[in-house]
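Chain A is fixed; fit chain B onto it per the hints.
These protein sequence lines are chains A and B, in that order. Start counting the first sequence at 241; every next residue gets the next number (the working numbering). Start counting the second sequence at 241; every next residue gets the next number (the working numbering).
Since the hints were made in silico from the structure, they are not lab data. Do not take every clue at face value.
Repeated chains share a single entry, so a pair holds when one copy, or any two copies, can fit it.
Calculated pairs, DSS-like style, for lysine-lysine (alpha carbon to alpha carbon, straight line, at most 27 Å) [said to hold, decoys possible]:
#1 K312 x K341
#2 K299 x K312
#3 K372 x K299
#4 K270 x K372
#5 K270 x K371
#6 K312 x K371
#7 K299 x K270
#8 K341 x K372
#9 K312 x K270
#10 K371 x K299
2 protein chains.
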Amino acid sequence: MDLYFIRHGLAGQHGDYANDRERPLTDEGKRKTRQVAQQLHGLGLRFDLILTSPLARAKQTAEILRAEGLGKQLEEAEYLAPGGDLQPWLNWLGTWRSPDKVLALVGHEPDLSTWAELLVWGNAHGNLVLKKAGAIAVTIPDSGSPIATSRLFWLTSPRFLLGHEKK
Amino acid sequence: MDLYFIRHGLAGQHGDYANDRERPLTDEGKRKTRQVAQQLHGLGLRFDLILTSPLARAKQTAEILRAEGLGKQLEEAEYLAPGGDLQPWLNWLGTWRSPDKVLALVGHEPDLSTWAELLVWGNAHGNLVLKKAGAIAVTIPDSGSPIATSRLFWLTSPRFLLGHEKK
Chain A
241 MDLYFIRHGL AGQHGDYAND RERPLTDEGK RKTRQVAQQL HGLGLRFDLI LTSPLARAKQ
301 TAEILRAEGL GKQLEEAEYL APGGDLQPWL NWLGTWRSPD KVLALVGHEP DLSTWAELLV
361 WGNAHGNLVL KKAGAIAVTI PDSGSPIATS RLFWLTSPRF LLGHEKK
Chain B
241 MDLYFIRHGL AGQHGDYAND RERPLTDEGK RKTRQVAQQL HGLGLRFDLI LTSPLARAKQ
301 TAEILRAEGL GKQLEEAEYL APGGDLQPWL NWLGTWRSPD KVLALVGHEP DLSTWAELLV
361 WGNAHGNLVL KKAGAIAVTI PDSGSPIATS RLFWLTSPRF LLGHEKK
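So that you can see chain A by itself, here it is in the shape it has in the complex (with noise of 0.2 Å):
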């Protein structure tokens, strides 16, 4: 089984917001991530789900990925807000785990690469660059604990999708 984890694209600047929750994306966060979302469709990518932390700006990303073709179905997890656990989330994947299917977690930094770290290498030691509407991808095994039993086999920058833009 697949996972692609997915950060929120550019979002408003902290501080300008009261709730953190409620920070969006900006119009050029909106525009990459649609962008970055168009070559992920083009590379033949498509999610069985999205599961998305509830904060605004993850929820947007998440559904310019449903937008673009990437998913139908799409859910909010209050475990992919910041600070959020592995546990339940493990819980709850143990429920909807079946082999072949795609999932997309969509979230925040440095929460998502400390996860995909603990899966692949058993522990963080924070050295995973996710830049944001970046992606990390593994593969986790069909059965038995993923955590230092996954693979990794894709991380990339927006950079990396798009080339350098034109001026």
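Quick look at chain B alone, frame taken from chain A:
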């Protein structure tokens, strides 16, 4: 300083060649490696030096990178042959290293992904997937040991560069 580990392209069958060091890229391997090189060029990548394993399939891959404009300098290094040691390369790196330089290392699996894991995590689990003509990119610190102090910022297979091939 950025390092790009690049695995050689698709090569002829083991056993068809008396000397494994002479086993060349197939026509398909050359074609796909050229397409990958063109994509890397289009993404704006340029290497100050392309260091390659002396085996035919790696040298041919490195020559394709050079021919597509990714770098002018190409050198062979015996420690990039299969089963090569990290330490001689680290010794060489000490003499060549300089901020903002970009180095390509063309070689073999499982050595390249093992080296990348050592640079990023300090130990190797064999959980990075590096396909033929795929790439892993890490940033090493400007000074001090790069072991367990480097950061992984890109990992890709040809599939994520070229998309699914048209039938």
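Against the structure, the hints:
| no. | hint | result |
| --- | --- | --- |
| 1 | K312 x K341 | within (14 Å within a copy, 44 Å between copies) |
| 2 | K299 x K312 | within (14 Å within a copy, 46 Å between copies) |
| 3 | K372 x K299 | within (14 Å within a copy, 36 Å between copies) |
| 4 | K270 x K372 | within (11 Å within a copy, 34 Å between copies) |
| 5 | K270 x K371 | within (15 Å within a copy, 32 Å between copies) |
| 6 | K312 x K371 | within (25 Å within a copy, 30 Å between copies) |
| 7 | K299 x K270 | within (12 Å within a copy, 43 Å between copies) |
| 8 | K341 x K372 | both (25 Å within a copy, 25 Å between copies) |
| 9 | K312 x K270 | within (19 Å within a copy, 39 Å between copies) |
| 10 | K371 x K299 | within (17 Å within a copy, 33 Å between copies) |
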